[in-house]
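Participant: Here's the letter readout for the chains.
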Amino acid sequence: MSENIIEIKNLTKCFDGGNPVLEDISVDIHKGDVISIIGPSGTGKSTFLRCINMLEQPTDGMILIDGVNIMDKRTPINKIRQKMGMVFQSFNLFDHLSILENLTIGPVKLLGMSEEEAREKGIQLLRNVGLATKADSMPSELSGGQKQRVAIARCLSMSPEIILFDEPTSALDPTMVSEVLAVIRQLAKTGITMLIVTHEMNFARNVSNRVFFMYGGKILEDGLPEQVFGHPQHNETRTFIQRIRSLHFVFSSEDDDFYAMTGAIDNFCVKYSIKTNRIAKLLHIVEEMLLITDRTSGVVIDIEYSETTEDVTVTVLQQSRSLSILNDPETDELALAILQGSSQTLQEEIIPEGVRFTFTV
Amino acid sequence: MRKTLVFFLAVIVLTSCTGNGGRNFKDVKDLNEEGIVVGTLIGSLNVDRIGKDMPKAEMKAYDNDVDALMALTSGKIDAVATDGFSYSQMAGDYPELTVFEDKWHADKLGMIFNKKETELRTHFNQFLAILRKDGSLKRIIDRWLSSSNTVSMPDLKGIPRKGEPIIAVTTGTATATSFMKKDELCGYDIEIMQRFAAYEKRPIEFLTVNFGGLLAAVSSGKADMGANAITITKERAKQVDFSDPYFISYSILVTRCADVAGYKAKTNGSEKSFIGGIVTSFKKNLITEDRWKILMDGLWQTLLITIFAIIIGTLIAAGVSWMSLCKKRWIRSTAHAYISLLEGIPILVLLMLIFYVVFASVGISPTIVAIVTFSMNFGAYMSETFTSTIQGIDRGQKEAGVAIGFTESQTFLYIILPQMVQRLMPTYRGRCVSLLKDTSIVGYIAILDLTKASDIIRSRTFEAFFSLIIITIIYFVLAWLLSKVLGLINTTKK
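Going down the list, the sequences are from chains E and S.
Note that my numbering numbers the first sequence so that position 35 is 35, with each residue one more than the last.
Note that my numbering numbers the second sequence so that position 205 is 205, with each residue one more than the last.
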């Protein structure tokens, strides 16, 4: 195991005394790690990143960078930040400076580099991100993708040990995403420690050596990309990664509105462009299941659709029963035949809550 | 710039061609009619007399005799009430006017004293008695009244240089009594006061204000005494103490010759050429008595006040803007209170308040008062622009600066400030130019600025327009230069 460049202990952040946005996060980041931070919106990914360079003041806990506690008031945080670049969602190039001046202001004013040396280095960096011809342009003359590449070059001008990327492609046109990702991918090979908050799942899977899945202010899952994407340990992770959309119905009497449910299923399927023949099959399954189950003792139906795998899964739980329905001689045989015919797989389990059927369509 | 000038001249020609005639006035009663307009000096006794003697007529008050007489010649008003001897000095310049009533009212003139300066007043009355007894009072006054242009101030050796000075207030724009000649005050009031200073063995310093400000200056304690052919009245005696009367003057009524009954128009063969007129005016307004020096003094004061007010005002604006962005609520409220207070007071009122009330008893230079006032005003207005500009700069700019490793103050200096300057410049330039022009009111607190200089020249030459046109051109050039200079800041920054 390589040395820890960032150690985070019990990090907590609350905004204005409200609910915690980050809750008791402890994690070690090793030198050279390229970490993708994924998770639904509003789960604290950006806040987590901004706490690491103290753009947000953590409420509690400890952050050590190279063994120095940056939350200590005596630590000169600006010196630490010089070793730790940040790329913003909205680029934040200095509007009053030309592209090259954006790259030289840091080294000249902060690292004491000569103007000439800084310009040389700046041109080199611009060449690396493919924008040497734009050196004398103003930020307003550049496209979003170009601005973000300049922002990355500006980070590199300070020769940082760590770079924090806060959703670097979220504000970009889809056509410009790849040019920026290509630059970051290139950078990942150089051994700089990188933390990337991103929604680009393929990028996270292919480029990083470690993935954090954040949910509800915590790092719920931390592992190799193939682990997190291939065998997620938590339901929330799976739901997020496979982009699962779901419907949930509960029946407790014979009089519950069956047509409201079929209407909802119809809308759901149309919304996610599920093909008509699959909708018919799905509706058959739900109808027949309601026929062979006892609604008065409670039936719970869950329908899930994964946008990544396009699988449709139906789970039906007959509550307050511990005997198989499939093997019950009283069960309607025609209904069973329809269920078998409509589904790709059919599985019945007896679990403590009752009898559970799982279909894939 | 040439177009502007042509436009000005056109306006002047148009406004000066509106004379009318044929009113057939016979005596004072003829003025007491609806539709008749009589002009006089602001704050002079004639204001009340017009109300009493001719209640039906409308009264218009002017800042000085020249303005009133110009209004009369151009037909805006029908008569002017003024005092006899100051008019006698100007009569030659107004052949189209005539005295219509030469002993309308008699006025006793007296010097004014602060109510606390009873000792000084007693001394003065004793001194006056001596002057009267040996006949020198009559000689002094007669000498000035006979021809103020050729008479000069006697060289008084008895005035000491050191010691506590007598502060005396006067207008410097009154014919024969108190006027400027080669940037020096003279006139019989000035001579009497200087002789008094010699008698008292104390130095004397003069403040010049408008006629309306004389009593305020003395009663507030800004000046110990004052003289400017001031008529003794009960009203005035409530605010200040008067000396014994030293002269009796008569107020008169003047009107256009064409309006007097029995007047027959004469043909005037000696029309001057236009160019010749300009050359004469130029000599009279600028060369005679080195009057250009008064303009230069005025220009210097105007520049001094403008430049310091811009510098200090910008600092105030920065401070107030910082305060209104502060997290602490009471600091923000203080800033807001300051801004709304200053935005709610007219600048002239503020100027007089600070001079006559706040610094009433302190011997502070009026120029400093003007700089303070204009800085405060400029600061209040600019601070709002500063604040909105800072708020208009994207938060991301600051974050990017901080994230790269700049401290908060470095971020402000290298990232925020340059962007502020870029955005602020157009408004800032406009405000600075407008400040330059606003300083034209400082004459109210005894500062000889460009506008006041033109007033002084006008009161000597009795020509209303020429010096106004001169200062118009000077203001215009100054505003243009100021705007250019501020424009440079922006381009050198990039």
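No wet-lab data here; the hints were simulated from the structure.
The reader is advised that the hints may include incorrect statements.
[What the hints assert, rightly or not] Simulated pairs of lysine-lysine, DSSO-like, Cα-Cα distance not exceeding 30 Å:
no., chain 1, residue 1, chain 2, residue 2
1, E, 83, S, 398
2, S, 398, E, 31
3, S, 103, S, 26
4, S, 60, E, 79
5, S, 26, S, 52
6, S, 398, E, 9
7, E, 73, E, 218
8, E, 79, S, 327
9, E, 218, S, 398
10, S, 29, S, 60
11, E, 79, S, 29
12, S, 398, E, 109
13, E, 281, E, 271
14, S, 398, E, 73
15, S, 60, E, 73
16, E, 134, E, 121
17, S, 398, E, 121
18, E, 134, S, 103
19, S, 201, E, 73
All values derive from a computational prediction rather than experimental measurement.
Participant: For each hint, tell me whether it holds in the structure or not.
Facilitator: Hint check results:
| no. | hint | result |
| --- | --- | --- |
| 1 | E:83 with S:398 | 18 Å, holds |
| 2 | S:398 with E:31 | 28 Å, holds |
| 3 | S:103 with S:26 | 15 Å, holds |
| 4 | S:60 with E:79 | 73 Å, violated |
| 5 | S:26 with S:52 | 19 Å, holds |
| 6 | S:398 with E:9 | 28 Å, holds |
| 7 | E:73 with E:218 | 26 Å, holds |
| 8 | E:79 with S:327 | 26 Å, holds |
| 9 | E:218 with S:398 | 28 Å, holds |
| 10 | S:29 with S:60 | 18 Å, holds |
| 11 | E:79 with S:29 | 91 Å, violated |
| 12 | S:398 with E:109 | 16 Å, holds |
| 13 | E:281 with E:271 | 17 Å, holds |
| 14 | S:398 with E:73 | 21 Å, holds |
| 15 | S:60 with E:73 | 72 Å, violated |
| 16 | E:134 with E:121 | 15 Å, holds |
| 17 | S:398 with E:121 | 24 Å, holds |
| 18 | E:134 with S:103 | 87 Å, violated |
| 19 | S:201 with E:73 | 69 Å, violated |
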